[in-house]
Amino acid sequence: MDMQVAKKKLGLKERYAVMTRGLDWVPSYQKMEDIYPYMSYEGIKIHDWDKWEDPFRLTMDAYWKYQAEKERKLYAVLDAFNQNNGHLNVTDARYINTVKLFVSGISPLEYVAHRGFAHAGRQFPGAGPRVACLMQSLDEIRHAQTQVHAVANYNKYYNGMHDFHHAHDRVWFLSVPKSFFDDAITAGPFEFMVSIGFSFEYVLTNLLFVPFVSGAAYNGDMGTMTFGFSAQSDEARHMTLGLEVIKFILEQDPDNLPIVQRWIDKWTWRGYRVLTLVAMMMDYMLPKRTMSWKEAWEIYFEENGGALFKDLARYGITMPKCAEQIALEKDHLSHQAWSTFYNYAAAANFHTWVPDEDEMAWLSAKYPDSYDKYYRPRMEYWREQAAKGNRFYNKTLPMLCQTCQIPMVFTEPGDPTKICYREVDYKESKYHFCSDHCKAIFEHEPEKYVQAWLPVHQIYQGNCFPEGTDPTVEGFDPLAAVLDYYHFESGRDNLDFEGSEDQKNFDAWRGMATKNV
Amino acid sequence: MSTVFIALQTNEDTRPIVEAIVQDNPDAIVNEAPAMVKIDADGKLVIRRETIEELIGRSYDLQELQINLITMSGNLDQTDDEMTLYWNA
Amino acid sequence: MAVAAVKAYQFEPADRLENFHGAQLLYVGWEDHLLFCAPFAFPFPPTMPFRAVVEQALPDAFGYHPDFAKIDWSTAEWFKSGKPWAPDLDKSLAENGLKHKDVLRFRTPGLTGIKGSCS
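Chains as they are written, first to last, in UniProt numbering: chain A, 1 to 517; chain B, 1 to 89; chain C, 1 to 119.
Simulated from the structure, these hints should not be mistaken for laboratory data.
Careful: at least some of the hints might be erroneous.
[What the hints assert, rightly or not] In the DSS-like style, the derived pairs of lysine-lysine whose C-alpha atoms are separated by at most 27 Å in a straight line are:
id : chain 1 : residue 1 : chain 2 : residue 2
1  : C       : Lys70     : A       : Lys430
2  : A       : Lys395    : C       : Lys99
3  : A       : Lys330    : B       : Lys38
4  : A       : Lys395    : C       : Lys115
5  : C       : Lys115    : A       : Lys366
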């Protein structure tokens, strides 16, 4: 009798080897440097691409299978949430402003990341990293799509999200995330991998996708919870790859160390500055809070990042120098950010407000060394004035940092009463910075940052009005023209939450959801 | 040693997985947050396929963990039988 | 350092003086008053008298603050790029030596913001 012998399946390691090695070939009639023209100019030396290994050992067949399962789950949750008017179950309508910020500030970055990894994958001669970049490129476009789909439901009911991509390319504060990614994608493929794959994904995205998304769930937003965690499950893979990239590059050649260290220093700081937005989302924009920005920072950067850099010490990598300044800013960052958007609420596509008394008590408790002393008096004054019908709207444009493009709102390390000013003279012009770190980044590559499209300067150059606008006519209102250019409707998309259409509609609809009318 | 961690979505798929992780890593600390559970361990955390299979009563591919994974920290080594997170220093 | 690049990498700065239609940029910050989250950027003609900055532009920009009306301009201290500086109110920006993208700060002794919080 014939025994049916089950064919032995390959183990995970063997499967990974078969599916990611020997897929390429050595060119015979073209030179390697013509096919991969960006492999040497950054100064990184790679001797053996096969040393690259994905520790998840994920192969394309398994990738499709699990990604498809993630999508099925995600869209089932989204459909259920939307079908049942889930938007009316969020804690209160102030929460929805985080979603507006997310779709206009972050989702377009996912799309750029998709392009960036497609480009980097094309440039690397090794099959292992090419497969990893392909997966990550697909992940990133999935994130952009699922975020847009999730937020589309909110867009049916609330203001400010209707033209998020148009806004992303033009609006003053959105130039911060946009220029961050533009900086990364215009660097070489190795710097891109270190900037996004390592510094952003490994060191920083946890802060956005873990405590903030957990906070979204806590505030009843199943849509954001599901796209956020679904995205972060891919990020877990990206983080692992980001760490492998660093180890791989450093193991290939000792000359790579100083280059990689400089990139880590630069991109940790650049990414941290972008996370300023997340700091205020956590401390000010979640009506129910899970943890403070400072607590999240301590867990995900200080503890986790500390462990990471201790582990990398064997390669000679050290904790980025900016960590010292960041430690001083953690008591201040979210308050300074929220103050900024409170100032410029007339020019944003989301609403701001003064925290209520309970929220101020929470802020005092979470920030005992800073809130009552520096920020509570400011916010109480704003509240008093708003109650008298004199809500503060700052209409004069701010000075920006040439590197991070954030208004110069940050204070001197160790002195929260003084704005930090730094400047450099370069080729007969002055350039201004929010910090020593943004200044050092400029000084290393001034030709890159002199091109910065700084929104305030662009407005003054007359480049941010709708086509055909004549700014010389009598009674010209520059703010109105700029809002037109942004496709923001004044009085609807901007200003304080108090009295907004969103607030009124949410109250009315929630009333209908709980009573028979 | 530094802390390694893994965070999973809170749902019926992950309940037995968390139980298996705690069985295999008795010193691990389980932190429950809204919609997620984060498991911290000192220096090393091992997730074993067999333990999960015993608890769920079916065969399990450790790569299925991707579906409910939120994030993790540490160097990773994954085989058919085990997924290990660790720091070298 | 030069930008690592595959070919010559040189670009015009985006904020050259000639792009501002006859104006030059002047940045002004008020020390100890962070109710205004950042210093301001203004496009001014270089021929504008400095008095117009103090008497017209600054009240528009900073007038919301209750301290602003209390300023005694004769005691105000000025700083240019962080160093002490004395403006001549009746001379133009150019005659005062102000160039495109210069940054001024002023301190108003005795005024330290809302409840002394430097807000």
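Here is how each hint holds up against the structure:
Proximity of Lys70(C) to Lys430(A) is assessed by CA-CA distance (about 33 Å); at most 27 Å being required, the pair is judged violated. Of the supplied pair hints, the one linking Lys395(A) and Lys99(C) holds, its CA atoms being roughly 24 Å apart against a limit of 27 Å. Distance restraint check for Lys330(A) and Lys38(B): the Cα-Cα separation of roughly 23 Å lies within the 27 Å cut-off, and the hinted pair is therefore satisfied. About 24 Å separates the Cα atoms of Lys395(A) and Lys115(C), which keeps this hinted pair within 27 Å; it holds.
With a C-alpha separation of about 22 Å, the suggested pair Lys115(C) and Lys366(A) falls inside the 27 Å cut-off, and the hint holds.
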